[in-house]
Amino acid sequence: MKQAVIMLIGVLLGLNSLSGQALSGEEIVKRVNDIMSPASSWAKSKMTITTTSGDKRTFVSESWSKNKGEKNLVRYLEPSRVKGQAVLMLNNADDIWMFFPRTQRVRKLATHAKRQKMQGSDFSYEDMGGGDAFIDDFASTRLEDDTAEGFECYQLELLRKPESDASYSRLRLWVVKENFVPVIIDYYAEKEPERPLKRLVASDIRLVDGIPTAMKMVMFNQEDNTQTEMEFLDVKYNLALDDSLFTERNLKK
Amino acid sequence: MRTLSSFLTFLLMAGICLLSTPLNAQDKVEIFGYFEPQVLGTRLQGNFYQTFTNKLRLDLRSVLSDHITFAANVNFITYHGKTEWDVLEFLSEKIVSSVPPEMLDFYVLRFEHEIFLDNAWVKLSFKPLDITLGKQQISMGTGYVWNPTDVFNHKDVLDPTYEQPGHNALRVDVPLMGSTTLTALYSPESTWAESTKLVELKSRIGRFDLFVTAIETLWRVHDYTHFDPDGMNFVEHPEKRQLLGGSTAGEFLGLGVWAEYAYNWMEKSDDFYELAAGADYTFVSQTYVMVEYYRNTLGKTDASDYDLNDWMRFFSAEQKAIARDQVYIFGQHPVTDLLSLGLQTIYSISDSSAALVPTLFYSLSDNVEVFAYLSFNLGKEGTAYARKLGDGGLIRLRAYF
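Protein chains in written order, with the numbering used here: chain A, 1 to 253; chain B, 1001 to 1401.
No lab work stands behind these hints: they were computed from the structure.
Hints may contain errors.
Said to hold, decoys possible - Here are the simulated EDC-like pairs of lysine to aspartate or glutamate, each with C-alpha atoms no more than 20 angstroms apart in a straight line: (1) A:K252 x B:E1369; (2) A:K117 x B:E1369; (3) A:K83 x B:D1209; (4) B:K1127 x A:D242; (5) B:K1028 x A:E78; (6) B:K1127 x A:E248; (7) B:K1127 x A:D243; (8) A:K117 x B:D1280; (9) A:K44 x B:D1366; (10) A:K253 x B:E1163; (11) A:K252 x B:D1173; (12) B:K1202 x A:E248; (13) A:K83 x B:E1036; (14) A:K117 x B:D1366; (15) A:K83 x B:D1059; (16) A:K252 x B:D1059; (17) A:K252 x B:E1036; (18) A:K46 x B:D1366; (19) A:K252 x B:D1209; (20) A:K253 x B:D1066; (21) A:K253 x B:D1059.
Claimed, not checked - Label-pair restraints from in silico Cβ distances: (22) A:A148 x B:F1052: 52 to 60 angstroms; (23) A:Y237 x B:Q1286: 51 to 59 angstroms; (24) A:D224 x B:T1180: 38 to 46 angstroms.
As the list claims (entries may be wrong) - Chain B side only, calculated, beta carbon under 10 angstroms to chain A, not exhaustive: (25) Y1144; (26) T1181; (27) R1204; (28) A1249; (29) V1257; (30) T1336; (31) D1337; (32) S1340; (33) D1366.
Backbone N, C-alpha and C fix where the C-beta goes; we use that ideal spot for every residue, glycine too.
Produce the entire structure from the sequences given, and follow the hints as far as they go.
Below you can see the structure in the form of structure tokens.
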């Protein structure tokens, strides 16, 4: 019996390996996209910016997403300077509204605003993703498999499609074979095609509500020599979130 | 002494309110705010003047239940240094010479220490509507610097995002189908006729937010060439103003775009309209640029036509512009994670004058930020941005708690 179980595991591992070999770049990116855009989610996150001089700035926010990231709401909790500020993104962040509590003003932003730094961090709103950006904006090619951060990984190259207005001309991803979590993403800009502008490293991968989740991500900005750490303090998936949560009315609450 | 007494009364009332609140609600009272020291320097006709202000804003907020929120803030502001400004020092010889000698002392603006309840409102939220009652922020329109549909506020062109004062009002927001919302607002004065009534319908078409706004208000405009000894103020000429306007914001060809228009029917004086339209863009380098055009037909097309009333109504925020057509251009780049540098340019098309305003924003710590600007007026004497208005600058530190 024990031998049979071991044989079965062996066969399954072999099949997994075979199916892994058969996966194309596009298929892997689709699996990555599925992991990164769950049906709905809530998270409390801490973002710590470390500047060139070693200064730190810390932000705590709460965020909700629905329809695989098609609707997103982020509300800042700390520090006092930004408390109550909120960002609503609908239609895969094609429509963005920001709310400033001290002036009670809601400002509609165009999609180019996604290029702006999020609270001065090394993450832009675009980097925070949501939706199907990897699929819609880039064409994927599978490169030779590699090892990264101690994981066996698929290695992918994503080239910006001609019709896309994404900020990055090229991305390189190392995706863990076991769970399709990208542990490293290199972001390249047009002006310097061979040296990554930024590198995102994910770690502390845990299974949350059945979804593999990198609880910690660090974005290294190679150009400015700064880094920003994003840590999930708590995260939940597949929640029943009402559509009224993702409205301008709720943004002001 | 009266100010101190008001302060003590406020503290007493606040204490009573907090202590008398049931324990579960008291637990939810948040106290926050900021302290803001600021220095404003002005070089005027060879002299350098400085005004220091210290502002403490204390905010209270309490979610009393799922449906009821209370918020308030009180502001304490002290002024030091040069706290009296003679407006005539900034104006052209032609205008100053038109002022009767016995009235020369009337054009002095004085800044005195103040304590005031800026906002205090309660919001009742139910599924079919939200009701906000009390002194509250009212933000109208999509314009960045100029808002033709906003009869409540007057933004500072050099500092357009600074918070505006609260206004006493009853506001009802009714969500209708889809993303459509109907807003009705009543800002009471002594009588119904003097009060401001507003109705606004907001909706979304494609990538654009659309607003249609109708307002009736009493415009309290003054004649700054005649003094009313009984009222100890300049003579007031109030008149009914009815406004119909609209605004929109969205995206076109990758640019953020917005426009705002308002036509004003006046009871006695000539009707006028205001128009603002702008666009912005963020480059891949994260450099941000914005341009906004503004037309106000109350403004004049020739600097030689500006008179004392134009200037005084502009300085006292009764009129949003002195020149008819203006353009505001702003560029900003994040030099580091903590430092952003920018440049504002305000150009008056009507009289070919301009002001250049380099800006700096620095995050000193999680809760402390510094904002500074220099301003250089480059226009000929008598124009909207004349050199005679002086060059200057401002450094503002804000510590949040």
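Evaluated hints:
For the suggested pair A:K252 and B:E1369, the alpha carbons sit about 24 angstroms apart, so the restraint of at most 20 angstroms is broken. The suggested pairing of A:K117 with B:E1369 holds, with an alpha-carbon distance near 17 angstroms, which does not exceed 20 angstroms. Straight-line distance between C-alpha atoms of A:K83 and B:D1209 comes to about 26 angstroms, which puts the hinted pair past the 20 angstroms bound. The hinted pair formed by B:K1127 and A:D242 meets the criterion: a straight-line CA distance of about 13 angstroms does not exceed 20 angstroms.
Between B:K1028 and A:E78 the CA atoms are separated by roughly 16 angstroms; this keeps the pair inside 20 angstroms, and the hint holds. At most 20 angstroms may separate the alpha-carbon atoms for a hinted pair to count; B:K1127 and A:E248 meet this at roughly 14 angstroms. Distance hint between B:K1127 and A:D243 is fulfilled; the C-alpha atoms sit about 13 angstroms from each other, no more than 20 angstroms. With a CA separation close to 16 angstroms, the supplied pair A:K117 and B:D1280 stays within the 20 angstroms bound.
Note on A:K44 and B:D1366: the hinted pairing holds, with a Cα-Cα distance of about 19 angstroms set against a maximum of 20 angstroms. Restraint check: the Cα-Cα separation between A:K253 and B:E1163 comes to about 18 angstroms, which is no more than 20 angstroms; the hinted pair holds. Distance check on the hinted pair: A:K252 and B:D1173 sit about 12 angstroms apart at the alpha-carbon level, within 20 angstroms; holds. As the CA atoms of B:K1202 and A:E248 are separated by approximately 11 angstroms, the hinted pair is consistent with the 20 angstroms bound.
For the hint linking A:K83 to B:E1036, the alpha-carbon distance of about 17 angstroms falls within 20 angstroms, and the restraint holds. Taking the CA atoms of A:K117 and B:D1366, the gap is about 16 angstroms. The hint holds against a cut of 20 angstroms. Pair hint A:K83 plus B:D1059 holds up; C-alpha atoms about 12 angstroms apart against a cutoff of 20 angstroms. Only pairs whose Cα atoms come within 20 angstroms are accepted, and A:K252 paired with B:D1059 is accepted, the gap being roughly 17 angstroms.
Taking the CA atoms of A:K252 and B:E1036, the gap is about 25 angstroms. The hint is violated against a cut of 20 angstroms. A hinted pair counts as satisfied when its Cα atoms are at most 20 angstroms apart, and A:K46 with B:D1366 qualifies at roughly 13 angstroms. Between the alpha carbons of A:K252 and B:D1209 the distance comes to roughly 16 angstroms, so the proposed pair stays at or under 20 angstroms and holds. Distance check on the hinted pair: A:K253 and B:D1066 sit about 11 angstroms apart at the alpha-carbon level, within 20 angstroms; holds.
Our distance criterion of 20 angstroms between C-alpha atoms is met by A:K253 and B:D1059, whose separation comes to about 16 angstroms. Between A:A148 and B:F1052, the C-beta spacing of about 56 angstroms keeps the proposed range 52 to 60 angstroms intact. The given range of 51 to 59 angstroms is broken by A:Y237 and B:Q1286, whose C-beta atoms sit roughly 32 angstroms from each other. For the pair A:D224 and B:T1180, the beta carbons lie near 44 angstroms from each other, so the given range of 38 to 46 angstroms is met.
Among the interface hints, the one on B:Y1144 holds; its C-beta lies about 8 angstroms from the nearest C-beta in chain A, closer than the 10 angstroms criterion. Residue-level restraint check for B:T1181 holds (minimum Cβ-Cβ distance to chain A is 7 angstroms; threshold 10 angstroms). Residue-level restraint check for B:R1204 holds (minimum Cβ-Cβ distance to chain A is 8 angstroms; threshold 10 angstroms). Here the hint on B:A1249 is kept, as its CB sits about 4 angstroms from the closest CB of chain A, short of 10 angstroms.
At a threshold of 10 angstroms, the smallest CB-CB gap from B:V1257 to chain A is about 8 angstroms, leaving the interface hint in force. Annotation: B:T1336 was flagged as interfacial toward chain A, and the flag holds, the nearest CB pair being 7 angstroms apart, inside 10 angstroms. For B:D1337, the shortest C-beta to C-beta distance to chain A is roughly 5 angstroms, which falls under 10 angstroms, so the interface hint holds. Interface restraint check: B:S1340 against chain A, minimum CB-CB distance 8 angstroms, threshold 10 angstroms, status holds.
The interface hint given for B:D1366 holds, since its Cβ lies 4 angstroms from the closest Cβ of chain A, which is under the 10 angstroms cut-off.
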